[in-house]
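Going down the list, the protein sequences come from chains A and B.
Using my numbering, read the first sequence as starting at 3 and increasing by one per residue.
Using my numbering, read the second sequence as starting at 9 and increasing by one per residue.
Keep in mind the hints are simulated off the structure, nothing from the lab.
Glycine residues also receive a C-beta, built at the ideal position from the N, C-alpha and C atoms.
Please note that a few of the clues may not be correct.
Derived DEER-like restraints, expressed as beta-carbon distance ranges [to be verified]:
#: 1; chain 1: A; residue 1: Gln332; chain 2: B; residue 2: Arg176; range: 55 to 61 Å
#: 2; chain 1: A; residue 1: Glu274; chain 2: B; residue 2: Gly192; range: 35 to 41 Å
#: 3; chain 1: B; residue 1: Glu155; chain 2: A; residue 2: Thr407; range: 23 to 29 Å
#: 4; chain 1: A; residue 1: Pro362; chain 2: B; residue 2: Glu82; range: 46 to 52 Å
#: 5; chain 1: A; residue 1: Asn138; chain 2: B; residue 2: Ala103; range: 50 to 56 Å
#: 6; chain 1: A; residue 1: Asp460; chain 2: B; residue 2: Asp194; range: 17 to 23 Å
#: 7; chain 1: B; residue 1: Met122; chain 2: A; residue 2: Arg388; range: 30 to 36 Å
#: 8; chain 1: A; residue 1: Gln446; chain 2: B; residue 2: Glu155; range: 41 to 47 Å
#: 9; chain 1: B; residue 1: Asp194; chain 2: A; residue 2: Asp206; range: 25 to 31 Å
#: 10; chain 1: A; residue 1: Thr518; chain 2: B; residue 2: Ala103; range: 45 to 51 Å
#: 11; chain 1: B; residue 1: Pro104; chain 2: A; residue 2: Gln446; range: 53 to 59 Å
Heads up, simulated SDA-like pairs for lysine to any residue below, C-alpha to C-alpha not over 20 Å straight-line [what the hints assert, rightly or not]:
#: 12; chain 1: A; residue 1: Lys62; chain 2: B; residue 2: Asp102
#: 13; chain 1: A; residue 1: Lys517; chain 2: A; residue 2: Glu529
#: 14; chain 1: A; residue 1: Lys392; chain 2: B; residue 2: Asp166
#: 15; chain 1: A; residue 1: Lys202; chain 2: B; residue 2: Asp166
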Amino acid sequence: MKSDEYDVCIVGSGAGGGMVAHELTRAGARVVMLEAGGDWDAVRDGAMLTNNYESPRRGKATPERPFGEFDACIGGWHLDGEPYTTAEGTTWDWWRARMVGGRTHHWGRISLRFGPDDFRRKTLDEKGDDWPISYNDLKPWYDRLDRMVGIFGEANGVYNEPDGIFMPPPAPRCYEKMLARGAERAGVPVIPSRLSVLTKPLGDRPACHYCGQCNRGCSTRSNFSSQSVLLPPAFATGNLTLITHAMAREVLTGDDGRATGVSYVDTASRQEFQVRARVVVLAASACESARLLLNSKSHRHPNGLANSSDVVGRYLTDSTGADAMGFFPQLVDMPVHNDDGVGGMHIYIPWWHEKDRSLPFSRGYHIEVWGGRSMPAYGFGGSIHRVNGKLSGGDRSRGGGGYGTQLKDDYRRLWGTYVGMSGRGEMIARRENYCEIDPEVVDQYGIPVLKFNVSWSDEELLQMKHFHETAREIIHAAGGESVWDMPTADNDWGITRPGQIIHEVGTVRMGNDPKTSALNSNCQSHEVDNLFVADAAPFVSQAHKNPTWTIMALAMRTADHIASEVKRRNI
Amino acid sequence: MGMDRRESMKVMALASVALAVPGCTTRDMERAATHAAERVARQLPEADRLPTILSPTEYRTVEVLVDWIIPADERSGSATDAGVPAFIDFMLADAPDLEIPVRGGLGWLNAESMRRTGIMFADSLPPDQQSLIDDIAWPEAAAPEMEAGVRFFNLMRDLTASGFFSSRIGFDDLGYLGNRPQGGWDGCPDEAHVHLGLD
């Protein structure tokens, strides 16, 4: 079955795909976008302002929504009929979204620019590789992104955490002020967070109303998702055709080796289709884009498309992760107050050892903060018997647990007294960490699936050990007590499993040398000049920063390059 | 932390909603709230088909037990007032892993009651119920032979708290002021500052 030819075919509707569609439809290109999941609209389908008691499930997770039944993101670690595998002795957890807007619905909207040093790590510590572009190459695009999408923050002048064009940040919550005071005492700097949530109106989008529920999808479009911010202006041009339930199978190529379009299966009818396009842009997520290229084998491209270098799938990284939590006696019996704010942290701890070469690991991490009097849900007050024996007042002679009016009051007093921190750090990109096609397993559409082979090294493990030590210092300095035991080397210093932080990058990396990279400095294939990648796959390194802001700035720059190359008739 | 202050905070929070959100009309907010309610009505499973998993005897046992865990007091009603037995029954259907420990534990409770008094837990006298609960409600103080009962009671305590405080009665009991549009964000209120000794 053959349809019209489009100027551009984009695979994926998330941060990268949405941005390329936004830019190219407005430049006049006829764009077709393939999305493996279904339609979803935050205004129509979101659950903002729903009280948990309106459901007998009280907000608990469902198989379709592992982060809670009212969470916006449809997807999960395991999708029916879409397996993935791991090499023996390794683990990989892969979160995939299947909906218009992709994982921007899941994202916590922490919007951090990579800093000047993040583009030249090899120069600084001889590990990994430098990017083929510098911070100054990307800065104008970050600036445009800040103005287009909207972000709050404060100009702090931290060298490797470049300031953006910020709306005013929301004041810290009570528990955040308390923790920040402790961090200061422990010598750890705290700055206002940087989130893509509007604190002032922007265009037709009103400012945030501080219900704290960004993760449910915002009915007033006051936060960012690709679906609510990037796609409406793209549709308004009349140049965007969105095809949902379209699972891309492979990139099609002609006799000359150039891309001619994409073949996909309609997941509802199981029928096969092809779309033809002059330019193909992959933005299916780092690992899905690598999978597509590896599955696009032909006589001209026996090792997969754009893969003569054999780097596609390699240099896969995720952020390191670890959590620590404290109980804070001073938060007991707090005066009633509203802790909602925006849907995410108001304070942020950037990496504060950037110039310190004495640490036993090379790369940095940041700390995110959570806690507060959040909406009671399934799980409220769980395992109180482990803690209420330490409370003051009443009869505590038999330790924790109990029942009756004293227990009932304990729940009230303990609500919101726990504050946690999450460390999120940079993993060094290494060739031996990769995903590849599993020759023995296909998904329900017959598409060969990915097999992951990723392991942490001491660089990552010792970094999270440092986080755990720091977090405990902060908790104690803020007047709290650590709830969980300090992890040890035997349990890998409490590090998350690879993939769990959902920051996978690097699988179709950029570079100036076609022998060691798949894409040039414009995210264009070295070998196939009308093939581009616009998600996190082109990243040469991870940085400890959440990748989405850089995905979008880079995608914007890539779209600009595509538009100018088409205009010059180079592609 | 008196009722009066909590009530006055609520009134203040509601008043702030009436202030214009910059660039966003009250109608936008009403539409969002109405829309959320409609969506819930459309998508949520039926709640009136209970009990589905528990037998009538088990259900009755749960009703008695959860009111020992969270009784009525001067601030709010009891666990059964908040619909906790129906919540637990729903959860056994929604989270199948819970069924065996909960139903098995109810069996243990009745067997232990029969051993002590010759009758089922829910039918025994309140002092007998209480003396059995006293033996399993404090993990650190409980006798080793009560381990199965302690584990069951921990689970029921957790489920009861989940069901009670996530109910509307529970929201009001806590003085939960969130999940509503606010005209602005002022940060931590003065009295909370004072409580934390921050200023």
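Problem - Cβ distance range 55 to 61 Å for A/Gln332 and B/Arg176, holds or violated - result: Given a distance of about 30 Å, which is not inside 55 to 61 Å, the answer is violated.
Problem - Range hint 53 to 59 Å (beta carbons of B/Pro104 and A/Gln446) holds or violated - result: About 25 Å separates the Cβ atoms of B/Pro104 and A/Gln446, which means 53 to 59 Å is violated.
Handout entry: A/Gln446 paired with B/Glu155, Cβ distance criterion 41 to 47 Å
Key = Since the Cβ atoms of A/Gln446 and B/Glu155 sit about 46 Å apart, the hinted range of 41 to 47 Å holds.
Exercise for the section: Could you grab the alpha-carbon distance between A/Lys62 and B/Asp102 and see if it respects the 20 Å cut-off? Expected result: This hinted pair holds, its Cα atoms lying about 10 Å apart.
Practice task
Verify the proposed pairing of A/Lys517 with A/Glu529, using a straight-line Cα cut of 20 Å.
Solution key: Holds, at about 11 Å.
Exercise for the section: Given the range 23 to 29 Å, decide if the beta-carbon distance of B/Glu155 to A/Thr407 lies inside it. Expected result: holds (27 Å)
Practice task
Could you tell me whether the CB distance from A/Asp460 to B/Asp194 stays inside 17 to 23 Å?
Solution key: violated (46 Å)
Exercise for the section: Note whether the CB distance of A/Pro362 and B/Glu82 lies within 46 to 52 Å or breaks it. Expected result: violated (57 Å)
Problem - Satisfaction of the hinted span 45 to 51 Å by the C-beta atoms belonging to A/Thr518 and B/Ala103 - result: Distance hint for A/Thr518, B/Ala103 holds at roughly 49 Å.
Practice task
Could you tell me whether the CB distance from A/Glu274 to B/Gly192 stays inside 35 to 41 Å?
Solution key: Given range 35 to 41 Å: violated, Cβ gap about 53 Å.
Practice task
Could you see if the CB distance from A/Asn138 to B/Ala103 stays within 50 to 56 Å?
Solution key: holds (53 Å)
Problem - Outcome for the supplied range 30 to 36 Å, where the beta carbon pair is B/Met122 and A/Arg388 - result: holds (31 Å)
When held up to the earlier numbered hints, the structure conflicts with 1, 2, 4, 6, 11 and 15 and fits the remainder.
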